[in-house]
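*Asks:* Residue numbering for the sequence shown follows our numbering, beginning at 8 and increasing consecutively.
Incorrect hints may have been included.
[Unchecked claim] Ranges of calculated distance between the beta carbons of each label pair, as one might list FRET restraints:
1) A154 - G484: 22 to 32 angstroms
2) N289 - G219: 31 to 41 angstroms
3) T189 - Q242: 29 to 39 angstroms
It is worth saying that the hints were derived from the structure and are not from the lab.
Note that the Cβ used here is the ideal one computed from N, Cα and C, for glycine as well.
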Amino acid sequence: MSQQPPYPPSNQPYAYPPQPPKQKSNTCLWVALITAVFLLLCTCACIVLAVVFADPLLEIAEEVASELDTTQPESNPSSQPVANPPQNTASTAASVSVSSGEATVVTAPDGAFISIPTGAVPAGDDGTAGTMVFSIEQVPVMEQNTAVADGLTLAGPLYQLGPEGFNFNTPIIVSLPIPAGTDPGTIAGLVTYDPQDGQLKLVPSFIDLENGVVSASTIHLSPWGIGRYYENLAQVQRETGGNITVHLPRTAPDPFNDNDGLTEARYNGRTFSYGVCIESYNLADNNPNTRIWPHWETPTGYLYVVHDSYHGRTQNPGPRSWWVPTGTYQLSEIVAVSEVNPGNPLYVPVYKNYWRPVGNVQMTPGGEVRFSFNDIRSEFHTWTEGRPDCFGLATSSAGTGDVQITLTWDSEDDLDLHVIDPSGEEIYYSNTSSLSGGQLDRDNQCSDFILGQPENVFWPVGSAPSGSYQVSVHYYGSCVQDHTVPWTVRIVTSGQVQTYSGSVSSSGEQQTVTTFTIP
Numbered sequence: 008m009s010q011q012p013p014y015p016p017s018n019q020p021y022a023y024p025p026q027p028p029k030q031k032s033n034t035c036l037w038v039a040l041i042t043a044v045f046l047l048l049c050t051c052a053c054i055v056l057a058v059v060f061a062d063p064l065l066e067i068a069e070e071v072a073s074e075l076d077t078t079q080p081e082s083n084p085s086s087q088p089v090a091n092p093p094q095n096t097a098s099t100a101a102s103v104s105v106s107s108g109e110a111t112v113v114t115a116p117d118g119a120f121i122s123i124p125t126g127a128v129p130a131g132d133d134g135t136a137g138t139m140v141f142s143i144e145q146v147p148v149m150e151q152n153t154a155v156a157d158g159l160t161l162a163g164p165l166y167q168l169g170p171e172g173f174n175f176n177t178p179i180i181v182s183l184p185i186p187a188g189t190d191p192g193t194i195a196g197l198v199t200y201d202p203q204d205g206q207l208k209l210v211p212s213f214i215d216l217e218n219g220v221v222s223a224s225t226i227h228l229s230p231w232g233i234g235r236y237y238e239n240l241a242q243v244q245r246e247t248g249g250n251i252t253v254h255l256p257r258t259a260p261d262p263f264n265d266n267d268g269l270t271e272a273r274y275n276g277r278t279f280s281y282g283v284c285i286e287s288y289n290l291a292d293n294n295p296n297t298r299i300w301p302h303w304e305t306p307t308g309y310l311y312v313v314h315d316s317y318h319g320r321t322q323n324p325g326p327r328s329w330w331v332p333t334g335t336y337q338l339s340e341i342v343a344v345s346e347v348n349p350g351n352p353l354y355v356p357v358y359k360n361y362w363r364p365v366g367n368v369q370m371t372p373g374g375e376v377r378f379s380f381n382d383i384r385s386e387f388h389t390w391t392e393g394r395p396d397c398f399g400l401a402t403s404s405a406g407t408g409d410v411q412i413t414l415t416w417d418s419e420d421d422l423d424l425h426v427i428d429p430s431g432e433e434i435y436y437s438n439t440s441s442l443s444g445g446q447l448d449r450d451n452q453c454s455d456f457i458l459g460q461p462e463n464v465f466w467p468v469g470s471a472p473s474g475s476y477q478v479s480v481h482y483y484g485s486c487v488q489d490h491t492v493p494w495t496v497r498i499v500t501s502g503q504v505q506t507y508s509g510s511v512s513s514s515g516e517q518q519t520v521t522t523f524t525i526p
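The task is simple: from the sequences and hints, build the whole structure.
*Replies:* Spelled out as structure tokens, the structure:
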């Protein structure tokens, strides 16, 4: 028997004429009638059940919808559509609260750590001991929006380090682990965020292959990572730069006297750090390989802290070296000293900085410039007391507690932090404190603008009410001209840290960052 081909689509002509319809039998008619009666009875029954159970079902549906809504951020009716929605850019790896009188090390599970010496945390606005929450967060690869400078790639994860927006009294040391399987010959040093162009660029670093870490000293925190260069790095470094080497003996001499304001530290102990600071420089651009060091195109100060001394004994004696490109450098030697007060965390340790200019130093290919702590004792009377220029402007600690929300950005624009507490009261520049205890203690306006200074809202310990909090960023206006402004918001709740990032591009734009709940 031949098989009929399938019917073509309705918009195509039939290749074969359709078959004539078959005659329906009486049996089919009775079946159709019985089916129709059955369906009519089912429909009536459904209508009756719907009327009886309508109210209970509606209540259940409303409860389910309400529960689902609590898992989503609340909308902000006043917010404009978000062109660049904020991202939850980091997951907490480690966080520690540190006061002015404490020294500690914040260590992440993967081996990244921040070394914080005594006295590094600045005092508060009222002069009492300050407190800061230091944090290490890994930024997911898919959310690493910061570009790496030409010629470099990231070796391992990018870390969001905090707190941002503050300059510490003395340098802290950032150390990141070299990922397993990485060729150590490709490690160029640490990279950090350059606010001038939004790229990650190299900073002078100490590469410790024995312990598998790369370290650098800094006065402030931001995103950090390890930079890798794939070509013949050792040869490039020999041809395009040399080393600055700093040496500290096992038993460090005490350059201070009884009139330095730190006399009591002779009983409690003192710490001091010694290093070299780059005030400015001019690179020798006659070698095209210097293109792999684009960070040096923007003169800025970097401190080379080598060792800390405690009770006259150095923790890590010996020389350490940092590679720098060929050029002329204006250097200063730095000594930072602080009391150690292990018994009273509320006491603000006496700390002082001393420095002296070294003058112009010429770095040649394969060259080395050496400094030693032993050389300063006989000449210490010539040093200047005070904060060296390469430390940047001094800042004070902001408020922290049960909740701390900090907004940072790096351009001459007036961004405002807005926080709505569980009662519905909004904290911002026109309402700097709420009945629930929240306070805005940092407000950076164009009238007295300080580049890099954050805005900060906090609830002191024991005062944050339970409930939902909403955080948003408002672009009040530019101090110069409207443009896209990247921002970062870090939220600390009961010691746990979460960081978000985004951008605003026009005056009046407001973005909801997130909504979180305090139980």
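*Asks:* Now tell me if each hint is right for this structure.
*Replies:* Taking the hints in turn, this is what the structure says about them:
1. A154 - G484: 22 to 32 angstroms: 28 angstroms, holds
2. N289 - G219: 31 to 41 angstroms: Once the Cβ atoms are compared, 35 angstroms apart, the range 31 to 41 angstroms for G219 and N289 holds.
3. T189 - Q242: 29 to 39 angstroms: This hint is violated: roughly 19 angstroms between Cβ atoms.
Going through the hint list in order, the structure does not satisfy hint 3, though it satisfies all others.
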